[in-house]
Amino acid sequence: MTTENTSGVRIDDLPIREELRGKSPYGAPQLDVPVQLNTNENPYPLPPALVERIAERVREAARGLNRYPDRDAVELRTELAAYLTRTTGHPVTTGMVWAANGSNEVIQQLLQTFGGPGRTAIGFEPSYSMHGLISRGTGTGWISGPRREDFTIDRAAAEAAIAEHRPEVVFITSPNNPTGTAVDADTVLALHDAAQAARPSLVVVDEAYVEFSHRPSLLSLIGGRPNLVVSRTMSKAFGAAGLRLGYLAADPAVVDAVQLVRLPYHLSAVTQATALAALEHTDTLLGYVEQLKTERDRLVTELRAIGYEVTDSDANFVQFGRFTDTQAAWRSILGHGVLVRDNGVPGWLRVTAGTPAENDAFLDAVRELKKELYA
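Numbering of the sequence shown is given in our numbering, commencing with residue 1 and proceeding in unit increments.
Because the hints were derived from the structure by calculation, they are not lab data.
Treat the hints with care, since some could be wrong.
Said to hold, decoys possible - Label-pair distances were calculated between CB atoms; the ranges are:
#1 G347 - V51: 35 to 43 Å
#2 P200 - G139: 15 to 23 Å
#3 D297 - K371: 20 to 28 Å
#4 H266 - R17: 19 to 27 Å
#5 E56 - P252: 30 to 38 Å
#6 G139 - P264: 19 to 27 Å
Each residue gets a CB set at the ideal place from its N, CA and C atoms; glycine is no exception.
With the sequences and hints as input, model every part of the structure.
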C-alpha cells in the first residue's frame, strides 16, 4: 500500500538511485475475504498460555523502557542457539547466532556487510523476491540464476553461473518460496565450493520454512565453512509473523561482521521479551507445525486428484497450476471468497496451508474453477 499522493510528484521525479526507478514495493494484496491463504502465515493463533506469558514478560520489560534494550540480545540469542541445538542435533553456541527484525533485516545486514556497490549477489529464480529487492536496496547488483523446468536447481548450470559471474553473495532458498521445493545437502555443498573457488563468496541458505520440511535442516553444513550462513524466522513455524523476529546461524566471525552495520539497539526490549516467551512454548508451537504439514500434504493430494499440476512442497504452502490465464484463475478463486497468491510465476498460483475448514473452502473453490475451465 502506498500513501495518497496529492502533490502530483511521482517517485521517478525524485532524485532516487537509478536502480530503484520503475520498481514496485514488495507486498501481497490484503483483501477482506473470508479465507486468506496468500501470505504463508501460520493460521493458528498463539495458545492462551503463551499469550499470558508474553504479557508477563512484556510487563516486566515495560518497567525498564526508559532504558535502552540489551544491544546484543544475549539472552535471546542464547535461547535461539538452544532451540537450534535441540531441534537439529547440531551444537550451536550464542556466539554463532544473530537476531534482527525479521529474516529480511538479517538478509539486509548480510548484504550491507558482504554486498554493496560494485558487488553482486545471485539467486536461483523463481525464488524469494526480497533477495533481489534487498540486494538492489543495498546497491548490490542482482543476478538471476537458472532453475530447471520442475523448479529444482540445476547443479551444473548453477555452478557455471557462479563461475561466470563470481558473485560476492549466493542465495540458496530451501524450502524455496514460491515453489516449495527443497535443496539437498550435496547441491548446497557443490554450490558453496563453486562460490569459494570463484571469489570466495558468502553463501546464504534461507531456511524460513524448514520446520515444515520433510528434509533435515542444512545447519550441520556450517561447521568448518565460515562463509556459509543459515537464516531462519519465527514468523512461520512459531506463528509469530507480527513479532518480526529473524535470526541466522554461522561462524562467530560472521556474527561479528554484521554488527559492523546493525543499527544500535535494533531489537526493542518488547520484541526480545515476546520472542523469549515464544521460545518457552516451542513444543506446543511445533505441534501446530505437524498439523499444518498434514494439511499441506492433503492439499497436494486433493489438488492432484482434481486434475491440477502440483509442485512437491516442503513448506507450508503449495504451488499449483497450470493455467493459461493465471489472473483469471486467481479472480475465480477470489470470487469464491478465497484469496491465494499470484507470485508472477507464469501458469502457477500458490496457496498457504490453512486450517482444515479454510483448506476445505479452497478445495471447493478450485473444484468449481476446474468446472469453469472445462465448461
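Hint-by-hint comparison with the structure:
{"no.": "1", "hint": "G347 - V51: 35 to 43 Å", "in the structure": "holds, 42 Å"}
{"no.": "2", "hint": "P200 - G139: 15 to 23 Å", "in the structure": "holds, 21 Å"}
{"no.": "3", "hint": "D297 - K371: 20 to 28 Å", "in the structure": "holds, 25 Å"}
{"no.": "4", "hint": "H266 - R17: 19 to 27 Å", "in the structure": "holds, 23 Å"}
{"no.": "5", "hint": "E56 - P252: 30 to 38 Å", "in the structure": "holds, 32 Å"}
{"no.": "6", "hint": "G139 - P264: 19 to 27 Å", "in the structure": "holds, 22 Å"}
Against the hints set out earlier in the document, no violation occurs for any number.
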